[in-house]
Amino acid sequence: MSGSVRSRDRGRPRGRRRPRAGLLVSCLAAALAVLCLVASAPARADDVANRLVALLDYVGGDYKNAVQNGRVANESEYREMKEFAARIVELGAQLNTDKPAIEPELKRIAAAIERKADADEVGRLAQGVKQNLIAQYGIATSPRRMPTLAAGKKVFAENCAECHGQAGRGDGPARATMNPKEPPPANFTDAELMEGLSPFKAFNVASFGIEGTAMPNFSALTDEERWQAAFYVFALRFGDPASAEGAALARGKLPSQLTELATLSTSTDGELLDRLKSIYPQEGDSPKVLAYLRRGLLEESRTAGPLIAAQTLLKESLALYENGDKEKAYQKAAEAYLDGFEQAEAQLFAKDLSFGRGIEDQFTQFRNSIRRGDDVREIRRQYSEITAGLDRAGKLLARQDSLNPTYLFINALLIIVREGLEVALILAAILALLKVMGATRAMRYIHLGWIAAVFAGLATWLAAQTFLNLTGSHREAIEGFTTLFAALVLFYVGYWLHTKSEAKKWQAFIRGKVQGALSGERLLALAGVSFFAAYREAFEVVLFYQALWLQSESNPKPVVTGFITGVALLCVIVVVLFKLGLKIPIKYFFATTGLLLYLLALVFAGQGVRELQATGWFSVTPLRFPPQVSALGIYPTVETLLAQAVVLIALIATMLWPYRARFGEAKGKPREAL
Numbered sequence: 002m003s004g005s006v007r008s009r010d011r012g013r014p015r016g017r018r019r020p021r022a023g024l025l026v027s028c029l030a031a032a033l034a035v036l037c038l039v040a041s042a043p044a045r046a047d048d049v050a051n052r053l054v055a056l057l058d059y060v061g062g063d064y065k066n067a068v069q070n071g072r073v074a075n076e077s078e079y080r081e082m083k084e085f086a087a088r089i090v091e092l093g094a095q096l097n098t099d100k101p102a103i104e105p106e107l108k109r110i111a112a113a114i115e116r117k118a119d120a121d122e123v124g125r126l127a128q129g130v131k132q133n134l135i136a137q138y139g140i141a142t143s144p145r146r147m148p149t150l151a152a153g154k155k156v157f158a159e160n161c162a163e164c165h166g167q168a169g170r171g172d173g174p175a176r177a178t179m180n181p182k183e184p185p186p187a188n189f190t191d192a193e194l195m196e197g198l199s200p201f202k203a204f205n206v207a208s209f210g211i212e213g214t215a216m217p218n219f220s221a222l223t224d225e226e227r228w229q230a231a232f233y234v235f236a237l238r239f240g241d242p243a244s245a246e247g248a249a250l251a252r253g254k255l256p257s258q259l260t261e262l263a264t265l266s267t268s269t270d271g272e273l274l275d276r277l278k279s280i281y282p283q284e285g286d287s288p289k290v291l292a293y294l295r296r297g298l299l300e301e302s303r304t305a306g307p308l309i310a311a312q313t314l315l316k317e318s319l320a321l322y323e324n325g326d327k328e329k330a331y332q333k334a335a336e337a338y339l340d341g342f343e344q345a346e347a348q349l350f351a352k353d354l355s356f357g358r359g360i361e362d363q364f365t366q367f368r369n370s371i372r373r374g375d376d377v378r379e380i381r382r383q384y385s386e387i388t389a390g391l392d393r394a395g396k397l398l399a400r401q402d403s404l405n406p407t408y409l410f411i412n413a414l415l416i417i418v419r420e421g422l423e424v425a426l427i428l429a430a431i432l433a434l435l436k437v438m439g440a441t442r443a444m445r446y447i448h449l450g451w452i453a454a455v456f457a458g459l460a461t462w463l464a465a466q467t468f469l470n471l472t473g474s475h476r477e478a479i480e481g482f483t484t485l486f487a488a489l490v491l492f493y494v495g496y497w498l499h500t501k502s503e504a505k506k507w508q509a510f511i512r513g514k515v516q517g518a519l520s521g522e523r524l525l526a527l528a529g530v531s532f533f534a535a536y537r538e539a540f541e542v543v544l545f546y547q548a549l550w551l552q553s554e555s556n557p558k559p560v561v562t563g564f565i566t567g568v569a570l571l572c573v574i575v576v577v578l579f580k581l582g583l584k585i586p587i588k589y590f591f592a593t594t595g596l597l598l599y600l601l602a603l604v605f606a607g608q609g610v611r612e613l614q615a616t617g618w619f620s621v622t623p624l625r626f627p628p629q630v631s632a633l634g635i636y637p638t639v640e641t642l643l644a645q646a647v648v649l650i651a652l653i654a655t656m657l658w659p660y661r662a663r664f665g666e667a668k669g670k671p672r673e674a675l
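So the sequence shown is residues 2 to 675, counted in the working numbering.
Keep in mind that the hints were calculated from the coordinates and are not lab data. Misleading hints may appear alongside valid ones.
Listed next, with one range per pair, are the computed distances between beta-carbon atoms [stated by the list, open to error]: (1) SER220 <-> GLU386: 56 to 64 Å; (2) GLY129 <-> ARG170: 32 to 40 Å; (3) GLY71 <-> ALA136: 55 to 63 Å.
Calculated lysine-lysine pairs in the DSSO-like style (CA-CA distance at most 27 Å, straight line) [claimed, not checked]: (4) LYS329 <-> LYS316; (5) LYS65 <-> LYS108; (6) LYS182 <-> LYS65; (7) LYS108 <-> LYS154; (8) LYS278 <-> LYS327; (9) LYS154 <-> LYS117; (10) LYS396 <-> LYS254; (11) LYS327 <-> LYS316; (12) LYS65 <-> LYS83; (13) LYS154 <-> LYS182; (14) LYS182 <-> LYS83; (15) LYS558 <-> LYS155; (16) LYS436 <-> LYS580; (17) LYS558 <-> LYS396; (18) LYS580 <-> LYS558.
Note that the Cβ used here is the ideal one computed from N, Cα and C, for glycine as well.
Produce the entire structure from the sequences given, and follow the hints as far as they go.
This is how it looks when you write it as structure tokens:
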């Protein structure tokens, strides 16, 4: 028994408490800290202001149904308008910003309703205050991305059809038991009703309900779900044939402004029709184009929506640059990437990674050219290249013929192998290192590191799908900060390995640590490499598989088998790398492993800063040299190159540091001895 006790104790450092599962908690805490720092949803605009905007939108649009020509046209409607007017004044008194300017205007609206003013006057007053509130409180009047017909249908069926009916005609099974029974549920196929309604108004009604009616609020739904339903109800009165004819009419003739989310969200059907009639004067054409705007775009947006948004924003960026507004042009270019392309990035990368990365690099070059102030002809050339790439991307995403089982299996396999190979190289090197040192018990903490990273990635994705509004900017920020953390930890461990690369120093280290035992600090650093290297890939992998899963909903088996096969192949690669590492002499093994970690730290430093530049965390000072080499993290900006220069200088310093004593000794010797 005593022998087994000695065997268990061998290699355990004396006088130190052995790190336990707290290390896993530390890794998770680090991930959550990064998540909370950069990915928490921006604070919602003041709830009072949101409610005020919703009421003003409702009153401004519906007052005409209550009063006409200075006389009450509908008593119940007018009574409702007076109640809402009183509520508007109450809410105005609760505002915390620009209250002295807004409160009098709200009272003017209430007074106008009281004296039965003309509908145009009330509408104009309500619109003015509404726009002021939107500007003051930063209220979003449109969704981040184009809703889809399928998603909208699902939200509507689960939450709205009970009263409004599956077809939206206001004839749902709950209508008979509603309390109060008046007014009845809206009929979304009624053209007259929809001509005065906008998706923004429908979104506000879903958010806050309508006091005194059976319409409840659906604040339990996410903003995105409410926007999905708000856009979907506008598609209900249009069929596929009209939408298809409208798409043909729209091609090459429809102004891009009419397809922008901001326009579609805040415009009523009546306003859109008025604008379309001036473009399509022939009888019957404008309603078909409206069908395309309200239904066809939702059908297209499942794949092409974010790419259309990117092209629209790029076009605006080019126009701004041509007009000499470089700052706004740069901002639009950044939005084109973050609010457009980035939203379709996972789906595109899942289909063709190298092509997707190529477009991503083009966006970076385009932004840098704008920031540098390049000749407008160069900006136009790059714009043409990106838009051509986005057109090709749209066709690639729309293709269904390639989604056969073999394609899905190979793609699912390649995603995990491709994204995991970099992590596998790092983990294999560390595990082989611990094996050589005899610190086999420490290996469990390396496994805890990458396992924690996998769960942290899943948790981040889950949070993004539920209570966080994780935008493209947030995703880039998460990747950027995680990459910089990984660079720091990789550099630290690389330095530690480099200092142990000489046999004498290694032997001294072994003796000092009692046959290869590790201190808590070293163990934490090694586990940190495992965690951060894996976490930076985990979230992206989850997004890729989500995209692939959506493409294969009818036949998910190839995706599952491809993933399992890919994981098995990755394990084989790790074992092979592990075995190879054990056969390399310690000096070369340590030197090679340390160099690998140094190189990755250098690459990560450039990539991390570049991702944070896209989100505005770092400034951008572009250069004309060197050329962009994304694989090495080299981007022609002062900030990215400065980050890599710091790592490079630190690398050189760590390589020269061990020789400082020899240099000092040589300097102190007599000349004859030299």
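Verification of the supplied hints:
no.	hint	verdict
1	SER220 <-> GLU386: 56 to 64 Å	violated (44 Å)
2	GLY129 <-> ARG170: 32 to 40 Å	holds (35 Å)
3	GLY71 <-> ALA136: 55 to 63 Å	violated (32 Å)
4	LYS329 <-> LYS316	holds (12 Å)
5	LYS65 <-> LYS108	holds (19 Å)
6	LYS182 <-> LYS65	holds (22 Å)
7	LYS108 <-> LYS154	violated (40 Å)
8	LYS278 <-> LYS327	violated (35 Å)
9	LYS154 <-> LYS117	violated (40 Å)
10	LYS396 <-> LYS254	holds (21 Å)
11	LYS327 <-> LYS316	holds (14 Å)
12	LYS65 <-> LYS83	holds (13 Å)
13	LYS154 <-> LYS182	holds (25 Å)
14	LYS182 <-> LYS83	holds (20 Å)
15	LYS558 <-> LYS155	holds (24 Å)
16	LYS436 <-> LYS580	holds (10 Å)
17	LYS558 <-> LYS396	holds (25 Å)
18	LYS580 <-> LYS558	violated (33 Å)
In terms of the numbered hints stated before, the structure departs from hints 1, 3, 7, 8, 9 and 18, listed from lowest to highest.
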